[in-house]
Amino acid sequence: MYDGRPILPLTVSGLSYEAGGKRLLDTVSFDLAAGRRTIVMGPNGAGKTLLLRLCHGLIEPTSGRVEWRGGSAVGRHAMLFQRPVMLRRSALGNLHHALALNGLPRTEREPRARQALAHFGLEDIASQPARRLSGGEQQRLALARAWAQRPQALFLDEPTSALDPAATRAIEAMVQTCHAEGMKIVMTTHDMGQARRLADEVIFLHHGRLLEHTPAEEFFDHPRTPEAQAFIRGELLW
Amino acid sequence: MNQQNAFITALDLIASLDPVLGDIVLLSLKVTLSAVLIAAAIGLPLGAALALGRFPGRSALIVVSNALMGLPPVVAGLVVYLLLSRSGPLGFLGMLFTPGAMILAQTVLILPIVISLTRQIVEDLWAEYEEQLRSLGSSRMRAIPTLLWDGRFSLITAILAGFGRASAEVGAVLIVGGNIAGYTRTMTTAIALETSKGDLALALGLGIILLTITLLLNTGAFVAGRMAQRAAG
Numbered sequence: 347m348y349d350g351r352p353i354l355p356l357t358v359s360g361l362s363y364e365a366g367g368k369r370l371l372d373t374v375s376f377d378l379a380a381g382r383r384t385i386v387m388g389p390n391g392a393g394k395t396l397l398l399r400l401c402h403g404l405i406e407p408t409s410g411r412v413e414w415r416g417g418s419a420v421g422r423h424a425m426l427f428q429r430p431v432m433l434r435r436s437a438l439g440n441l442h443h444a445l446a447l448n449g450l451p452r453t454e455r456e457p458r459a460r461q462a463l464a465h466f467g468l469e470d471i472a473s474q475p476a477r478r479l480s481g482g483e484q485q486r487l488a489l490a491r492a493w494a495q496r497p498q499a500l501f502l503d504e505p506t507s508a509l510d511p512a513a514t515r516a517i518e519a520m521v522q523t524c525h526a527e528g529m530k531i532v533m534t535t536h537d538m539g540q541a542r543r544l545a546d547e548v549i550f551l552h553h554g555r556l557l558e559h560t561p562a563e564e565f566f567d568h569p570r571t572p573e574a575q576a577f578i579r580g581e582l583l584w
Numbered sequence: 002m003n004q005q006n007a008f009i010t011a012l013d014l015i016a017s018l019d020p021v022l023g024d025i026v027l028l029s030l031k032v033t034l035s036a037v038l039i040a041a042a043i044g045l046p047l048g049a050a051l052a053l054g055r056f057p058g059r060s061a062l063i064v065v066s067n068a069l070m071g072l073p074p075v076v077a078g079l080v081v082y083l084l085l086s087r088s089g090p091l092g093f094l095g096m097l098f099t100p101g102a103m104i105l106a107q108t109v110l111i112l113p114i115v116i117s118l119t120r121q122i123v124e125d126l127w128a129e130y131e132e133q134l135r136s137l138g139s140s141r142m143r144a145i146p147t148l149l150w151d152g153r154f155s156l157i158t159a160i161l162a163g164f165g166r167a168s169a170e171v172g173a174v175l176i177v178g179g180n181i182a183g184y185t186r187t188m189t190t191a192i193a194l195e196t197s198k199g200d201l202a203l204a205l206g207l208g209i210i211l212l213t214i215t216l217l218l219n220t221g222a223f224v225a226g227r228m229a230q231r232a233a234g
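First to last, the sequence lines map onto chains H and E.
Position one of the first sequence corresponds to residue 347 (the numbering used here), numbered consecutively onward.
Position one of the second sequence corresponds to residue 2 (the numbering used here), numbered consecutively onward.
No wet-lab data here; the hints were simulated from the structure.
Please read all numbers here as calculations on a predicted model, not as lab measurements.
Looking from chain H toward chain E, a few residues come up when the C-beta cut is under 7 Å (computed):
1) Gly421
2) Arg434
3) Pro475
To spell it out: a stretch of chain E is covered by chain H in this simulated footprint if at least three of its residues, at any positions, have a beta carbon under 8 Å from a beta carbon of chain H; those stretches are:
4) 127-139
5) 142-153
C-beta: ideal position from N, C-alpha, C; glycine also.
Work the whole structure out from these sequences, hints included.
Structure below.
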């Protein structure tokens, strides 16, 4: 269902980011293959959000590289933010705008936007002003908006941290749908239960360094590093 | 004539729909609304471009634009007068002492207001939207129409500020229009003239009308804005 040539795997090598003389991300390297759901974990300030923003191309690294297969992947990966920004127009209008930015021909926007809303059961809110929707509805709409652009990879930065359990469940179901359709999922979360529910593999960051990149079962049952062990036990890390 | 009599005469003039008064009111509205329309058409995109563009001299332009918000109307009038006078660079247009010249002078006067306020509004919106819009694939320049539309309710205030300045000023239209009866006489120039002649009734009547129109226009914009905002979130 995705357009164009494949952009995965994503190869991150020696990625560092400095701001104000502090090294916030320190020579992080990993490969991300298609298919597996990658959950990025770590205590506050570990660099999780920063890593996603670098991979998505929102900011430039101080050093190191983010390389997609076959070079440029502009417009082929999307990102869901902790708090989505909705434009002052209808839910459907927001999808139209995103599809216009994606370069979709005008005549194809309406069917694609309707399809995205229907795919996630959001037809009812199509004509509602997007900014009037609840936080949970806005996040679901934001995910439908990302889905409508047909990305091959989707970055999610703590998408449910501000939501109630029902909305969280709805978002998780949508993520599972995207995953089942072949979209690469890369998601940060604070919620250990959510990580266990969704993860195929875990990237564990601490103080800007990558400490573990392991299959989920191995990470949760037999973490290798003392930091990850303490993190899973729920101890405070700094 | 005492001031109470002047007030009664003023209400009489308004109630009798005095044709001279009507012409003056219509010309004032035509000049001011044209200037607002032109300034908005130029100032909104220019202000947004100034907010999002990155080019050398941008800071200087912002400072100049902010400073020009305080441009004295007589100075704006003088500049346009020099441009349009027979020996000026635009003298061949023969526009001096016409309503067109007055529209030009008021446009010059309110353009900095529209540009500066638009620049500030769009810059604040961009700070909130930047990462989301860039993530969706928007360039900075492509964001200009998006942000102008999303900031429409705040931008109405910027345009109303321009309208207020244009409808209230007298110096610029007096210099380039010449206050010619039945041709370039507006409410403000007529008020100045009639007051100096001692015809306080007409002056006061015009003052009341000017204030009423301004109030009605702002009320209309406020109500329309509120309704649209309720619909759009």
